[in-house]
Amino acid sequence: MTPPTTAAVQPVHPQDHLLRTDRIPHIWCSGCGIGIVFGALMAAVMKSGTPLDDVAVVSGIGCTGRMAGYIKLDSFHTTHGRAIPFATGLKLARPQGKVVVASGDGDLLAIGGNHFIHAARRNMDLTIICVNNFNYGMTGGQLAPSTPFGAKTTTTPLGSPDEPFNFCALAAACGATYVARWTALHVRRLTNAITEAMNKKGFSFVEVIAPCPTAFGRRNKIRRALDLLRFYYDRSVVKNQLDPGEATIDFDHSLAVGKFLDIERPTFLDHYEMVNRGEVEAWPATGVDASAAGKRKAG
Amino acid sequence: MSKAVLTGTHFMNGDEACCEGALAAGCRFFAGYPITPATEVAECMSRRLPQVGGVFIQMEDEIASMAAILGGSWGGVKSMTSTSGPGFSLMMENIGLGVCTETPCVVCNVQRAGPSTGLPTLVGQGDMMQARWGSHGVYEIIAVAPSSPQEMFDFTIKAFNLSERFRVPVMIMADEVVGHMNERVVIPSPEAIHLVERAKPSVPPEQYLPYQAGPEGVPFMANYGDGYHMHVTGLTHDERGYPVMEVWAQEQMTQRIVGKIKNNLEHILDYDLVCMDDAEVAVVAYGISARSARGAVLAAREQGIKVGLVKLNVAWPFPEDFIRDLSGRVKAMIMPEINLGQMVLELERLSQGRCPVSLVSHPGGGIITPGRILAAVRESLKEAA
Ligand code: SF4
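Going line by line, the protein sequences match chains F and W.
Residues in the first sequence are numbered consecutively from 1, following the working numbering.
Residues in the second sequence are numbered consecutively from 1, following the working numbering.
Excised from the complex, chain F in its bound form (with noise of 0.2 Å):
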């Protein structure tokens, strides 16, 4: 037997496999949120027992955007808003994978909204984790989808005058299968969500809240991460199954969070087999009587 290095005594992170150690150190600020999410993914790929080689992320642009880049698994850094279609691609050209798509809220849902819609239209099986944190970082802190009215961004100067969007409400009436919100401090119960939709087959969203102290909070007189992280946490309201059209993001009366959608829909694959093998019916499914065509008028 070969003596014990010191490489071998030195302590291993139990997720240091998944991680690509040699690209630490990472770009994100300290007290940024985005490090608890990817260490919740990496935790959640792990407890949903999928095989490694089977799993990819796709990320987009932007500070989560970089994720892709620090997991140690099959990982894709696409173009800004693009990540759904690309991930869209593998998922169906490798039926058999587990397609995660880690993106932030700008990326996901506005220059790539159109996708997002579509492909919870489709039921496509893919996992989605948006870090929603109310701005775009990577730029500097412009105004996002999600920024709050009022907010200051450096292109709202003067405060936001758009509304956001509610991305988990938008998620159910897309279409989506699975749809979850946490925040960024509710590790444990995020991890879980992670793992329930990479476990869920069909189009699942969770939703992170999470803090961009450097961007986001500088300007809006919350400086410190943690108290950006607790100022989220703190106003949060645990409401599972809550109507994903009334789980808004109020900060001032409650931020809902909690478990909101967990159905059972047929996904893209699974109808377009479906059709292929003949199984359904033709449209429509009540026939068409062609003697009546003409008698009702209009009106």
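By construction, these hints were calculated from the structure, which means they are not laboratory data.
Some hints could be false.
[Said to hold, decoys possible] To give an idea of the chain W side of the interface with chain F (calculated C-beta under 7 Å), a few residues: (1) P50; (2) V52; (3) V55; (4) A64; (5) A68; (6) L70; (7) G72; (8) G75; (9) M92; (10) E93; (11) L97; (12) F220; (13) Y224; (14) G225; (15) H229; (16) T233.
Glycine included, C-beta positions come from ideal geometry on N, C-alpha and C.
Go by the hints and put chain W with the ligand onto chain F.
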């Protein structure tokens, strides 16, 4: 008979021939969006792919279509999309991602007249420079230019082979007339079709450098799921595939992705020479305009005019050395194209005044007739005399 390769003689249009060529090349994933005059490629794919175990998906736009085929290719499946000008414009950013990440895939552009929405149902050749330069940054691209339904079939296979070999998106720069005309298309037996597959790594994952130059400067490509756990990014990256925000990495990466095309021209360039042996005037043409040019050259020869045709089967990379050399041997070069002067700029650049270069142009909406080319040939000889 193989369902993927419809061996036999058919009567079909160019768009359908493109679809059949893709299937024969092994394409099993298509993501696209309807657009005239390329819609028939997608329609044909939607019908045919399920028959051969492939997947067709109509995406929400061309941006998504292009992103999806990149993903499909990394999933290990030969992938393709088709479009026309407006969709081609939308695809440009992700074509750049395909170039930077060295993703084999095929983009068919059945060109119509532009700019903007232009003449959706009528022919154009105005996207040729866009094919070469349309995505931002430093790169080289490959584009084939079919001039008949038969070539739509043959060149689609060629496009897939080049994309797999050189790991680059390959454009099929067709046009509305070639896409919509019906002609005889002969599909050979599967054994007679030469196919190229991407070279995969054989080293264990810990030794794998996903962006290290392999044979011909092209890195070995692991697919998603092969166990290599590689990172793929559109950021400037090193041989490990890791982002490196340094000038040396930009230099290394761009020199290699440009070099793998520029250093392998003998395997990529493809042009046919018609009556060129003793030609005093060379007509250089591609796509549907090459059909007109052939007619003009043959008619001129009957009248004893010494003119020949250089038909570009591969438009990009451009056959620079050949044209440079040719310009010293002929009295004039003529380029007919359905735009107001794009590929003719290459002739001007390469001839450097050694011979006059002229353009027979059309703004789009109709083809250039052989008569106009013949007139240009006569004119050029008159001027040279
Ligand atoms: S700018 Fe904001 S989101 Fe980006 S790394 Fe820093 S704290 Fe995180």
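Problem set entry | Violating hint indices (sorted, rising) | Hints 2, 9 and 12 contradicted; others consistent.
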